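A.B. asks: Given next are the chains, with one letter for each unit.
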Amino acid sequence: MTEQQGNGLATVEKYYSQYGSRAKELKAEGRKVIGYLSALAPVEIITAAGAIPLRLKGYVSEAITRADAHMETIVCPFVRNVFDAALKGKYDFLDGMVLPHQCDSIDRTNDVWNYNLNLPYWHFLNVPHVTDDPSIEFMQSILRIFIGTLEKFTGSRITDESLIQAVKAHNENRRLMRELYDMRKAGAPLISGIEMMKVLVAAMSLPVEESSALIGSVIEEVKTKEAPADAKMPRIMIIGDQIDDTAIVEAIEGAGAQLVMDDLSIGNKMYWADVDVTPDPVYGIAGRYLRKLKLPTTCANSGDTYQENLEARFGHIRQHIMDFKVDGVVLFIYKYCDPYGFDVPAMKSFIESTGASVLYLEDEYSTSTLPRVKTRIEAFLEMIA
Amino acid sequence: MGDTLVSSVIGPSGPEHRRLANKVMEEALASASIVFDDLAYVVATGYGRINVPFADKQVTEITCHAKGLYSLLPTAKTIVDIGGQDSKGIKLNEGKVSSFVMNDKCAAGTGRFLEVIADALGVPLEKLGDISIKAEKAAIISNTCTVFAEQEVTSQLANGESVANLIAGIHEAIAVRIYSLISKLKISPDVAITGGGAKNIGLIRALEIKFGFPVLVPPEPLLTGAIGAAIVGKEICERAAGSGEILKRSAQGLQEATFFS
Amino acid sequence: MAYVLGIDIGSGFSKAVICEDKTILSHAIMPSGGNFKETAGKVTEIVLEKAGLSPGDISYATATGYGAAVVDFADRSITDISCHAAGVCHMFPSVRTLIDIGAQFSKAIRLNDKGKVANFILNEKCAGGSGKFIQVIARILHMKIEDIGKFSIQSDNPVEFTTGCAVFAESEAVSRIAEGALPGDILAGVHKAMASKIVNLVVRLGLTGDCAITGGGAKDHGLVRAIKTELNTDVLVPEEPRITAAFGAALSAAENIYQ
Amino acid sequence: MADDKKPRALATQAAAKIPKFVRGNMSETLKAKEEGKKVAYAYINDGQDEIMRAMDIVPAWGESFSGVCAAKRDAEKYLQKAEADNFSRSLCTYATCTLGFDMLREELGGEVPPGAPWGGMGRPDMIIGSGQQLCDPRFKWPQATQHYLQDVPVFVGSMYYPPWDPNMDNMEQEKIYVKYATEELHACVSFCEKHTGKKMDWDRLAALVDLTDRTWDIFIDTYELRKAVPTPMDTGDAMNTMVPITFNLGTQEAYDYYSDLYNELKQKIEKNQGVADEEKYRVLWGAGLPSWFALGDFQYFNSMGAVFPAETTYRNAEKIERLDLPETNDPLEHIAWRWVRFWTHWYDKARQRPGSIPKVERIIEYIEDYKCDGVVFHSTFSCRSWHAGIVQQAEILRKIYRDIPVLIMEGDIVDISSYNEADTHNRIDAFIEALETSKTKGN
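Protein sequence lines correspond, in order, to chains D, H, C and X. For the first sequence, the working numbering gives the first residue as 233, with consecutive numbering after it. For the second sequence, the working numbering gives the first residue as 10, with consecutive numbering after it. For the third sequence, the working numbering gives the first residue as 760, with consecutive numbering after it. For the fourth sequence, the working numbering gives the first residue as 320, with consecutive numbering after it.
Chain D extracted, bound-state conformation:
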């Protein structure tokens, strides 16, 4: 990846606009590529299996044309869009897919994906929704089942040593991405929200070492940038599940705001918490994905009181709002999403209690609604100005 030195953002642009192109190349060289859905998929294990983990994304500007023949329209619009993309052949180069049990929209359509795509390798990772000790133990068991199926598929054992190496590699990847995030704390960030979105998307389409190299070169490039004049633009944070396109970010930054932070499932949720390197690596992995990763589908009601539960669920959001001096939060939730949808009133009042304003948008995974979304965002910015 030497060609990257100095022109990281150019490479990012390439991998963002031609998503998965690098994985395709490596596939041609004989590497195995495993697609995965959701931030719940333990990429460490895929890496340890010698395969390339490729995050499945949708295509917001494409209409869903083929999925509806097999999948109800009451299913999460993001899931439908990705499935549609797969039916259209956009993921034909994959050797297999892992669908973690994030929500009903994935759990209840697991059969539909498997039946219609029928890839050489398929696994539904039955992640629990609860985070107590029995759940951690259960999580380890199902991770071992997952490891077993990968070993069967690749024909080679996944040793604890290779898992530990993978854990370290992905922790390093997370560390680098956090370093890039830190560059957005400045009054005038050196990297725009649009650039950041492209980095996040590009990074999830590469083998971990290449991903780290790319982030590294982006950091180098961004460092050398001329610091822009400290413009008094409102600082925005976006919260949601998988937003993997710049369209919405362009709507925000195009209206004269700066997107300085996110709590998205391809962003901060992926990179904030490391896996503890434990003697039994599976234990560390289970703990990271079940407890450290903050998703509305892992029900952390560890606390005895409602306040404690709130802290466990949303505490990290307040931290980000303070660290990144956030003025306004865009809460972008997909229609038909029970896990996020039921959180909205509590999350909204929690965020407002930090002094930040909230714009709640319930929308499709589609640019078709962009004109209306833009008006809301502009009005929101006029309001908090």
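Everything labelled a hint here was simulated from the structure, so no lab data went into it. You may find that some hints are simply not true.
Claimed, not checked - Far from chain D, by Cβ distances over 12 Å, these chain C residues were calculated:
id	residue
1	S785
2	M789
3	S818
4	D906
5	F910
6	A928
7	E931
8	D944
9	K951
10	V958
11	N959
12	V961
13	S1011
14	I1016
To be verified - Derived DEER-like restraints, expressed as beta-carbon distance ranges:
id	chain 1	residue 1	chain 2	residue 2	range
15	C	T992	X	Q586	53 to 59 Å
16	H	K143	C	K873	21 to 27 Å
17	H	L231	X	D596	57 to 63 Å
As the list claims (entries may be wrong) - With a Cα cut of at most 30 Å, we get these calculated DSS-like pairs of lysine-lysine:
id	chain 1	residue 1	chain 2	residue 2
18	D	K400	D	K417
19	H	K146	D	K606
20	H	K146	H	K136
21	X	K718	D	K320
22	H	K219	X	K396
23	D	K322	X	K718
24	D	K526	H	K193
Model, not experiment: these values are computed from the prediction. For glycine and all other residues, C-beta sits at the position ideal for the given N, C-alpha and C.
Chains H, C and X: place on chain D using the hints.
C.D. replies: What follows is chains H, C and X alone, placed relative to chain D:
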């Protein structure tokens, strides 16, 4: 620079925003008997605000409705704007927007809903109000989807339900949608209604029943946003005059703009 | 020789057909409007007049369609799904898969070899795949429904419609026009969007045998072309696709006499 | 198309007793206070019924309450209340309806809002949810409720079952799942002990677990009587007779209810009494919760000679022997095995038929056993859990079994705004015609 409204023009929108923008502007200038260059500043708002090339600034209809309405009805705390494409609720705090809501990706509770139904019943849009207040009993319209509500209306009509009752039923249905939208703002009086929907007495009555108190309606509801835009422009000019800075104006004159259409 | 009447009160149009046994003597089509009952009477008058018959000459009348219930002078009513099947089977005996595109609903129907409904499926509670979609777009383009086909067919660059909602397709179309898209391309886009929704119904039903399209949508060449492309097979279209159900109703009326 | 507006009539006296049953369950939650009992918000099929019963905790069922609101077409005000606080209209309407009711009750300082159907539900002392595979609202709903009842403690347990995978042996996985579920049930017991201040009486629990086994058995024995031609009871009634097995599991009342129903059905069979005047078509209710505000549609089917001798919905029980449960002294482990096997005991069958899935195997078995001529699915827009995948089931059924007439109806459990009677009846009419065709073709 005074506060008086010198001239106003209302024209139907449509696909060719740009040409229509020029047309209404020309008419407004004519009726005020001034020329484009006499204007100190031009602010565009509304769904097609980006298609007003000669505007110096674009501001959303939310902010403009707030400003405009505050100047017309200073006691209003909550604004309900029932437009063609969407309905909005705006919470006012001393004339500034403190929060707002817009209807989701569904035409239920918007002016389009009324247009579609008026079409289906063969009743002119502006007549809906007067007809519906003659209804003895509002028909039950269970579908919120515009298209299926239309089907529901036609079938009830076929089963002999009266046009007046159906229109009243439709107003009831829209009032329900709008009310639950506005409820997200924690409604506080006075409530003012603007936009095309405000011209529909039947809909106003239905909403008043939901709110439980009478609502305010400006003399020309359709103008509220434009008036607000003018006020925004005036404020910008005054701020500039105060700080002595030169206003950045759009390069596009009115004449060049017409080439776009 | 017995004369039979088939009358189809759709949510958009009302159609009537008079047959002598199984041959069409006359047909009539008019908008259903607000008063189905009145329309039913009127369309029957017209079709009788065209055939030079009086009500007394009709030995059996079968009603179908959305407003069938109001046709009090009918001897019997059947759903338009069965009537479309009967009508098409008589015109094109080889057809096993039938697509009907009405004002409110699109249907995919599978026929058995006797022209009876073996299985069927209607579009979801969303008008995206129905004729409504076209009406909405035609309205903002200030265009007559019947002119739409020829505009659409000229387009080789259809606009991508990302919304499925017939009502909100309007705002999407408006912004496309503002961006300078050509009417033809927009219509082709609408047809593409509708076709994929309709074809999904066929996929769910399973495409078998020859395929025919009936209903108002079948008069739209642009839509028919788009469906052919999506289905990747040829389709049959009756000369006057809108009267298929009324014809089917007349055929079943004829059968009733000889039972 | 005769527009059938008759009030809903039931085929069995047992079904007619149900409103009293439901009303009783709801008033229990209101009486509990003076009886010194604790009330818990609970959610059906969470496997925690016997625990609550053994500790005299009165379950308050949100699903039941919302269903009643819907049946009385009186849910809109609650749905709107929830919507006003930003709960999306696309979320589970069982949950949003009850949440709206909770909000109103809190505004009245805990007093039940006037005009609440059947007296409404009392304020809970605790909330017992489950992060099990049944649906997301099962663990999000309790969390969302606590936002309004902040002093009320919430427990969310978990009861998973091995996912269906044609290439994997679920048997070895089951042990992992049962171990996990058992530990979660024990956690539930500790939670209940903590918040009732009582200790669990394990003998009593064991007795109740045994009672539930016997209730599952008699429930299935009773429902299998519906194989008779004409069927003595159809799904229209079953949407009522589901109440005891769903909301009163682990009570003698539930057991007695089904033994009464068993006897009633026996008599009807002897007298050759059917549901329809003339039973022309037998239809399987293949999947989906009903539109509680439109149960009259079952009568509309009946009026055309179509009856439903079986349904997959709310048949959430199985003959215990068929589940072949391993021996255990821990009643909680027994509950875990019972629920896990309830889902997995179809897997082997599905594995034997290439291209099949367990849900479709179950449908095929019922089609054969109950001699069904067609299948009706009901898709409700606010519930993903039971309704995502129906299109797939219909497709697989057609491909691996036969081209049996299928009708997919659309509506919602509680929100009437998605329902259109004229359209629904039109679809039913066409389906009946398709049934007629396939029967004449058949013989």
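A.B. asks: Could you work out which earlier hints the structure fails to respect and list their numbers in ascending sequence?
C.D. replies: Structure breaks hints 6, 7, 9, 10, 11, 12, 16 and 19.
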